[in-house]
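Participant: Fit chain B to the supplied structure of chain A, relying on the hints for placement.
Each chain, written out:
There are 2 protein chains.
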Amino acid sequence: MAEKHLATSLSRYLDGEFWETKGILWEEISKCDLFQHSSYDLSLEHIRDLTEDRLRYVLKLPVIRRHLEDQVKAIETPKCRGFITKSMGITEAICVYLNKVLIQLYDLTELAFTAMFAMTERGHGSNVRGILTEARYDPSTQEFIIHTPCEEAQKMYIGNAMKGNYAAVFAQLIINGESHGPHCFIVPIRDQYRVMWPGVTATDMKYKEGLHGVDNGILTFDHVRIPRENLLGKFGSVSPDGQYTSPIQSKGSRFNAMLAALTPTRLALTAQAMAAMKLGLIIAVCYSHSRRQFGPKAQDEVKIIEHQTQYLRLMPHLATALALTFTTRYTAGLMDDALCQGQDLQGNRMLQALVAGLKAYSTWANIACLQGCRECTGAMGFMMENRIPSLKCDSDAFVTFEGDNMVMLQVVVRELLSQHARETGSSLVAGLIRNWTSFASDHLRTSVFSFSVDKVGDLNFLLKALSYRERVLQRSLASRLYTKVSKNKEEFFNAWNSCLHHVTCLALAHIHRVTLEQFALAVRACQVKADHSLLTKFCLLHGTSLVYQERAWYLEHKYLSPGASRQIRSQLLELCRAVKDDALKVVADFNVPTCCIQAPIAGVANPRAEWGFYPKPEMPPVQTKQRAMSKL
Amino acid sequence: MAEKHLATSLSRYLDGEFWETKGILWEEISKCDLFQHSSYDLSLEHIRDLTEDRLRYVLKLPVIRRHLEDQVKAIETPKCRGFITKSMGITEAICVYLNKVLIQLYDLTELAFTAMFAMTERGHGSNVRGILTEARYDPSTQEFIIHTPCEEAQKMYIGNAMKGNYAAVFAQLIINGESHGPHCFIVPIRDQYRVMWPGVTATDMKYKEGLHGVDNGILTFDHVRIPRENLLGKFGSVSPDGQYTSPIQSKGSRFNAMLAALTPTRLALTAQAMAAMKLGLIIAVCYSHSRRQFGPKAQDEVKIIEHQTQYLRLMPHLATALALTFTTRYTAGLMDDALCQGQDLQGNRMLQALVAGLKAYSTWANIACLQGCRECTGAMGFMMENRIPSLKCDSDAFVTFEGDNMVMLQVVVRELLSQHARETGSSLVAGLIRNWTSFASDHLRTSVFSFSVDKVGDLNFLLKALSYRERVLQRSLASRLYTKVSKNKEEFFNAWNSCLHHVTCLALAHIHRVTLEQFALAVRACQVKADHSLLTKFCLLHGTSLVYQERAWYLEHKYLSPGASRQIRSQLLELCRAVKDDALKVVADFNVPTCCIQAPIAGVANPRAEWGFYPKPEMPPVQTKQRAMSKL
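So the protein lines, in turn, are chains A and B. Residue 326 in the UniProt record's numbering sits at position 326 of the first sequence, with consecutive numbering throughout. Residue 336 in the UniProt record's numbering sits at position 336 of the second sequence, with consecutive numbering throughout.
Same shape as in the complex, but just chain A (with noise of 0.2 Å):
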């Protein structure tokens, strides 16, 4: 079953600096039996099993031992260019296959041991800063006692809890009766014949949605004694006679630094939920151009990616898989210089900023670009063996894990606010508010009129639209929290509370403009000319239908006159219309081996499906480009 790829210039440009990489363990995939069928069909038990088994071989595949081994360097002399760039390519080759691989990667250190983290209590899920489990020093054993004092301490949803060995725990330090804030201890759960540690209880969490590999599980501990050592020093130690000190003072910092902690596995999500999404289109987009239905009378059937809503439920999704993928690694590339110029990621709040939005805005485009792949599929895409089901299914825990996406956009909030804030040497609120004023004569407004019709497909047209609403409604929110609480003396909570929807839609708005300007700033790099006249097309469908889905906003604002919104829709659609012959040039391009495709509506034979089987369609003749383009 082993499987070559060519590899087009187009997919070694969408896989970046590490496609050869990427290449090489989907070849190593493609070539072992533990891969070659779904799983749908076996017991949670077996399923388990089999997720381990593929776990292991893939840790000891060459490519990922040389690649953990950089992990250590990196980590010790942060010079090694590209470590997580180059797992963000690793993350979205694995995941296509094995969802478990992520939640575990960053925590392994031997083979033969597997770790967890558990930092999710039963009371506190997206607000950390509240957990409960305690780490008491005992200063006479030079100790600390892991305990959970309450059923809302209990650690919940733990991945590997039924099988790991070692858990990495977020606990309240304290010392003399004196709480230090959460730190990570790490805990014996089992030894190596799965005998409990005393203390210790794990209890089984079952079934899910999906994600049935992963063994989620309860944690509970009962005066757990555990060295003074299994501390992990970082953020805080405790000396033998119990004297706390950290390198950072205050403690909402640490709690903070500790948090950065976890960014790179959020990008990690992102990459998955990409991964999931292009999956999702190879399907989707092979079975419409080989299924047919309807047609002119007495003519053949056509494909039903000619039937415009069709074209028009896909294609904007695949669009967005690509800006995506070149705001991943622009994401990835800013945490590498990050690392390189040995900086903790806590330093740079807006790196967490921006991996905190992306990683709310991936997962639910990723929600919603299999939700339209199960519906332009048909009953066919209802099937289990056509894969998109349980991609759905595996993927809609994305939007909760690693922080609750509606958490997320407020991380990006309140870091947009600080920014200005800290720009204009004030306070938070009152930074914003002190420019709002000379907001009359922005200078992102280029005319004092709304934009004529002529101009709205132009990519800098659509630029400079998402970077106004971006700043316009930053300044909003300012002048809004200010008036709340400065003025009317609101609690903040409740005052920000009030303008969560505001909230919401400025993270998702800062979120919007980086992903259109990375795609642009990848089209503007990219030297191949066919490519970069195939991706301009689609960096142009990216920004419509951003601007598109918020027009209604761009009217209240006379941003768009009436004519030029209703000039973005016909955009829409002919741009849709434009690039659905392309799109089976760039599914191909995502190179996934067919051993990961599986789904007999794309044209992967599967003998026990055999009825579901469509033969894989062919590249349609080269469009006449110019005519498509010149409607623009």
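Simulated from the structure, these hints should not be mistaken for laboratory data.
Put simply, identical chains are the same to the list, so a pair is met inside one copy or across any two.
Distance condition first, Cα-Cα at most 35 Å in a straight line; then the derived DSBU-like pairs of lysine-lysine: (1) K487 to K537; (2) K303 to K206; (3) K303 to K529; (4) K60 to K234; (5) K558 to K484; (6) K558 to K537; (7) K585 to K206; (8) K616 to K206.
Facilitator: Just chain B now, with coordinates in the frame of chain A:
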């Protein structure tokens, strides 16, 4: 486990005329062991068996026996008032547990045998006219020979294919080589010992995203002989010597008449979608009123329902569920009236269009609602114990089966266009266009100016806005089609396809208007003052939410001023806030028995998932309604 349900005035009003039947059914289900446990952890085989057992149990209940006998009477003497309305109530009540029933209920004649409905083919799902299965008449033996001539003619996705005894097969009737179009034939599939009928093959399609209790399969026929009497004679019959007669002259009308027979099943799908929405909302609203997270400094955390985004995400769906309750009842009533007057449903194309549109709108509304419920219940909502995942997966298929939603919307619009043409006594497109010129002085547009801010809180304003949009979309579509087809001589399919987005907007605009009208009428007819006032708020919310979704269109058409559009948004937020506590009463008055709710996060203890339990929230004290309402 049997429960007595207290029927409040509101719950009776929501359940309608047959609330007692629904209550009896739920009481019976609550008493039966078969319904006490969820089934997500069973093998495919076991879950299918369990579903069959449940089905047989339900069908043997006296209340259902009586109803089925009424069905026979209704067919013979169409004077049995309320049959369809009652069926919808029963469907809604049963399907919270038993998705299989709907698919079969109407096909059952004897309890000893079960039947299946075999229309869809591999090559033709939504486009039924193109089915290829053949039924050739052999006068020498007075038999039909049912045959699958090619792979594309295989009957696919047939529910009950692996267990059922008979199939109602749609096939092209061929006599002496001449085709008379699709007709329906009763074909034996297997005997009571499950031995297959000669020439019939059934292939198990096995694993789907949901509806695991339904055994979908593929049927193929190899020259299967059935007696002449097995042609269902309603639309046409064949004499012993092979003479074809039909009460309906044209082949096209006959085909349409046959499709009309699907109308009640489609409406039942709306009842199912509604039932799923209600269940999801019960669970999400309860949890949102007991789970706490975040809050003002140094105070208790707040209930998550207090977060602006939480009530904004849930309340509009609750309003939609109410609107659908009344609209479904209205539609069932229309069907009952038609049957009482001895009309065939095929004569009533308006009703068919309404049902088609309602099917599309309700099944999409359900998907959006359940996705919202899933996300609003966080990781708990991802656990199978909490019911939302299986509701989602089961009802995902609703948008596809019994006619793909995109096709349903086109059914609506064809009727809207031809209706208008009939009124004006001319051909489809020309009739519409005639009135186009007088459009500038349309009565619906009450003012030449955009509506101002002070009007948008008025229900009449909202109703007019929805009517206006429907009318404008209808006329502009007619105008576009006229230009393309009559003036520019474009082929009709291509012209229609290039307007498909417009078509879907019009169809949904039509259904939006109908749901708000029916909701408003139901509010007006409500006698109990407190219920009336509560429903008024939800009705306003439904209308506001519909106009808000399409505010871009209203701004483009200057029907809303920018200020009014902003006011619509504030009104939406304010109404959602105003009803968030009432929501608890509404979901309680859905009156669904505990054994159907199951979810521990909604206060239903489950020994298998003790970790999921959250106590049922108490009803909050009656709100200061004056304040909430006076703001509008």
